[in-house]
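Residue strings, one per chain:
2 protein chains.
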Amino acid sequence: MPSKLIFGHISSVPIGTTFNLYKEMNEVGLHRSTMGGISGSGRTGADSIVISGGYEDDKDMGNVIIYTGQGGRNDSGKHVRDQELTRGNLALAISQKEGLPLRVIRGKDPKNKFAPAQGYRYDGLYRVESHWHEIGKSGFRVWRYRLEKIEDSSVLLENNFSTISPSEGNPHPERKSITTQRIVRDTKCSKELKKHYDYQCQVCNIRITTASGPYAEAAHIRPLGAPHNGPDTSDNILCLCPNHHVMFDLGAFSIQDDLKLIGIDGELLVKKGHEIAITHLKYHRDHYLDRIKAP
Amino acid sequence: MPSKLIFGHISSVPIGTTFNLYKEMNEVGLHRSTMGGISGSGRTGADSIVISGGYEDDKDMGNVIIYTGQGGRNDSGKHVRDQELTRGNLALAISQKEGLPLRVIRGKDPKNKFAPAQGYRYDGLYRVESHWHEIGKSGFRVWRYRLEKIEDSSVLLENNFSTISPSEGNPHPERKSITTQRIVRDTKCSKELKKHYDYQCQVCNIRITTASGPYAEAAHIRPLGAPHNGPDTSDNILCLCPNHHVMFDLGAFSIQDDLKLIGIDGELLVKKGHEIAITHLKYHRDHYLDRIKAP
Chain A
1 MPSKLIFGHI SSVPIGTTFN LYKEMNEVGL HRSTMGGISG SGRTGADSIV ISGGYEDDKD
61 MGNVIIYTGQ GGRNDSGKHV RDQELTRGNL ALAISQKEGL PLRVIRGKDP KNKFAPAQGY
121 RYDGLYRVES HWHEIGKSGF RVWRYRLEKI EDSSVLLENN FSTISPSEGN PHPERKSITT
181 QRIVRDTKCS KELKKHYDYQ CQVCNIRITT ASGPYAEAAH IRPLGAPHNG PDTSDNILCL
241 CPNHHVMFDL GAFSIQDDLK LIGIDGELLV KKGHEIAITH LKYHRDHYLD RIKAP
Chain B
296 MPSKLIFGHI SSVPIGTTFN LYKEMNEVGL HRSTMGGISG SGRTGADSIV ISGGYEDDKD
356 MGNVIIYTGQ GGRNDSGKHV RDQELTRGNL ALAISQKEGL PLRVIRGKDP KNKFAPAQGY
416 RYDGLYRVES HWHEIGKSGF RVWRYRLEKI EDSSVLLENN FSTISPSEGN PHPERKSITT
476 QRIVRDTKCS KELKKHYDYQ CQVCNIRITT ASGPYAEAAH IRPLGAPHNG PDTSDNILCL
536 CPNHHVMFDL GAFSIQDDLK LIGIDGELLV KKGHEIAITH LKYHRDHYLD RIKAP
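Sequence order for the protein chains is A and B. Going by the working numbering, the first sequence opens with residue 1, and the numbers climb by one from there. Going by the working numbering, the second sequence opens with residue 296, and the numbers climb by one from there.
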């Protein structure tokens with residue numbers, strides 16, 4: 001087992017390689033954990049995961065995977081306590097924050113059409129798009145992660161610009177490894193809301209100006225996409241500066257129904273004509289708010 | 296001609312459609328300008344451009360295009376004054392800031408292997424990745440833009456999550472239009488620098504904390520990739536909060552050789568062990584610093 005985590009492809013293991021045993025994946029350095037589904041460290045991030053249908057809440061949509069964290073279960077697999085944002089769960093959250101590529105291995109699972117018929121198969125790199133917590137069917141808290149496939153076509157074919165790729169046999173050895181740390185998405189509705197606030201942050205009231213005009217970001221309170229499926233409507237969007245957008249998405253603060261902030265001091269600025277749905281605020285508090293002391 | 300700018304594909308014009316005349320592209324709404332290479336507005340952004348070899352500095356690498364702005368030339372096409380960040384040039388800068396998709400049309404150009412043999416061809420959507428200014432061969436300032444192709448595979452096949460696609464004949468009418476406003480890239484070297492600063496912003500000294508650890512972004516002073524080809528070395532990287540990263544990339548401030556800030560008050564925090572190359576600082580000042588009063 002290598003002593004240092006390797007993020008990205010393992011040069012000797014092409015996508016699609018299959019294995020019969022966990023142990024074999026461990027020996028080639030594909031998945032360093034001999035037991036758990038998450039390989040990684042609560043200090044530097046997660047380098048690989050195995051999806052094998054262990055959690056009924058996992059949802060595999062191919063290029064998008066909703067993955068459940070580890071822990072909180074007793075020896076017979078029954079949920080008996082909350083999952084904590086530690087060890088493998090923290091590792092996956094760090095991978096999101098730092099933009100680290102995650103190797104995804106699918107294990108046999110008759111209920112999952114994307115799973116191999118037997119054994120384990122290396123299915124390439126994903127990025128951790130988001131993480132949140134929720135109360136599982138057993139009544140205890142679980143951590144969940146939305147993983148999105150990193151497409152090979154995202155490789156930019158220039159000398160010193162590429163995503164992480166197998167180092168062995170690389171025809172362009174001068175390439176550097178580049179990953180994506182953060183993607184800010186924009187929608188039609190978010191453009192209108194930013195204009196409504198004249199690009200002023202609803203948390204700190206800062207207005208970033210540049211020669212090409214003011215800059216702000218639109219934050220969906222209840223996120224778009226599975227499994228949240230928040231709407232792209234102005235009652236679900238905030239106009240934030242990039243700093244408060246990052247903090248909101250990573251749960252460093254949330255918002256009460258009376259618009260007071262939780263986690264940081266202050267109150268949300270809301271301009272006339274912008275109605276915020278309190279059900280979406282509750283969704284953010286219930287799933288994103290960091291209830292653990294920040295390190 | 297439609298009265299409102301349409302960003303993204305035009306439903307009646309598939310990628311690869313060819314035209315003989317400018318006027319024909321105008322009639323179908325593909326390119327609204329009847330003369331200029333840039334269609335758009337200095338208020339809302341650019342919706343399409345034509346590349347046809349008019350500027351010798353343009354560099355077409357297929358999925359990446361370095362495009363030169365408009366203006367500054369006399370009737371015989373000779374550069375006689377600086378280009379300004381107004382009209383089409385400002386429109387392209389706004390497209391970058393807002394993450395708007397840009398239709399790219401290539402015109403006949405024997406010197407460009409990506410150009411059609413005759414007429415004009417619609418080649419799909421690009422995003423404006425960055426813009427800067429430089430002194431052209433004639434001694435006057437030109438504005439330049441790095442355009443990156445938006446790959447179709449970036450479409451996420453989920454109900455309410457997709458990039459902008461032709462609306463006509465869309466089999467999933469419930470899909471929303473989503474574009475990318477901002478992509479933060481990360482490199483091996485940038486991770487180390489962020490740790491060196493313990494994730495503290497070198498401009499405002501803020502340290503954003505979350506349950507999954509502190510968050511910061513690495514900003515390359517002289518950008519990676521063509522045509523800048525800055526190195527991924529610590530003497531070319533700053534550790535910044537997202538707000539100051541956006542401002543630095545959009546030229547709202549720059550840094551003197553003595554580390555005093557230009558455009559905003561203050562001085563860069565530099566910790567022992569981090570040597571910054573002043574040639575890279577000069578590159579940023581010469582190409583990115585906003586020398587125009589911000590609106």
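These are computed hints drawn from the structure, not numbers from a lab. A hint or two may mislead.
[To be verified] Okay, the calculated bits of chain A under chain B, using three or more residues with CB under 8 Å as the criterion:
1. 95-101
2. 186-192
3. 207-217
4. 244-254
[What the hints assert, rightly or not] Computed list of lysine-lysine pairs in DSS-like fashion (alpha-carbon distance at most 27 Å, straight line):
5. A/K4 with B/K483
6. A/K195 with B/K490
7. A/K191 with A/K111
8. A/K78 with A/K59
9. A/K23 with A/K137
10. B/K408 with A/K149
11. B/K567 with A/K149
12. B/K408 with B/K444
13. A/K4 with A/K59
14. B/K432 with A/K188
15. A/K4 with B/K408
16. B/K490 with A/K188
17. B/K566 with B/K577
18. B/K490 with A/K4
19. A/K191 with B/K567
20. A/K78 with A/K113
21. B/K483 with B/K406
22. A/K78 with A/K23
23. A/K282 with A/K260
24. B/K354 with B/K299
25. A/K137 with A/K111
26. A/K111 with A/K78
27. B/K444 with A/K149
28. B/K299 with B/K444
29. A/K23 with A/K191
30. B/K444 with A/K191
[Claimed, not checked] Residues from chain A shown here face chain B by an in silico Cβ test under 7 Å; the list is partial:
31. L85
32. T86
33. S177
34. I178
35. T179
36. R182
37. I183
38. C241
39. H287
40. D290
Note that the Cβ used here is the ideal one computed from N, Cα and C, for glycine as well.
Hints and how they fare:
1. 95-101: This one holds; 4 residues, not fewer than the three required, reach chain B with a Cβ under 8 Å.
2. 186-192: holds (count 4)
3. 207-217: holds (count 9)
4. 244-254: holds (count 6)
5. A/K4 with B/K483: At roughly 14 Å apart (the allowed maximum being 27 Å), B/K483 and A/K4 satisfy the hint.
6. A/K195 with B/K490: 36 Å, violated
7. A/K191 with A/K111: 41 Å, violated
8. A/K78 with A/K59: 19 Å, holds
9. A/K23 with A/K137: 32 Å, violated
10. B/K408 with A/K149: Roughly 32 Å separates the two Cα atoms, so the pair is violated.
11. B/K567 with A/K149: 39 Å, violated
12. B/K408 with B/K444: Holds. B/K408 to B/K444 sits at ~17 Å (cutoff 27 Å).
13. A/K4 with A/K59: Violated, because 30 Å separates the two Cα atoms, which is more than 27 Å.
14. B/K432 with A/K188: 40 Å, violated
15. A/K4 with B/K408: 45 Å, violated
16. B/K490 with A/K188: 37 Å, violated
17. B/K566 with B/K577: Status holds; Cα separation ~20 Å.
18. B/K490 with A/K4: 17 Å, holds
19. A/K191 with B/K567: Distance of about 42 Å is beyond 27 Å: violated.
20. A/K78 with A/K113: 25 Å, holds
21. B/K483 with B/K406: Since the Cα atoms of B/K483 and B/K406 sit roughly 37 Å apart, the hinted pair is violated (cutoff 27 Å).
22. A/K78 with A/K23: 25 Å, holds
23. A/K282 with A/K260: This hinted pair holds, its Cα atoms lying about 13 Å apart.
24. B/K354 with B/K299: 30 Å, violated
25. A/K137 with A/K111: 19 Å, holds
26. A/K111 with A/K78: 20 Å, holds
27. B/K444 with A/K149: Distance ~19 Å between B/K444 and A/K149 Cα, so the pair holds.
28. B/K299 with B/K444: Measuring from Cα to Cα gives roughly 24 Å; hence the hint holds.
29. A/K23 with A/K191: This hinted pair is violated, its Cα atoms lying about 50 Å apart.
30. B/K444 with A/K191: This hinted pair holds, its Cα atoms lying about 22 Å apart.
31. L85: Result: holds, 6 Å to nearest chain B Cβ.
32. T86: 10 Å, violated
33. S177: Since the shortest Cβ distance to chain B is 6 Å, the answer is holds.
34. I178: 5 Å, holds
35. T179: With a minimum Cβ separation of about 5 Å from chain B (threshold 7 Å), the hint on A/T179 holds.
36. R182: Holds, because the Cβ-Cβ distance from A/R182 to chain B comes to roughly 4 Å (cut-off 7 Å).
37. I183: The hint holds - A/I183 has a Cβ within 7 Å of chain B, the shortest such distance being about 5 Å.
38. C241: Result: holds, 5 Å to nearest chain B Cβ.
39. H287: The hint is violated - A/H287 has no Cβ within 7 Å of chain B, the shortest such distance being about 13 Å.
40. D290: 4 Å, holds
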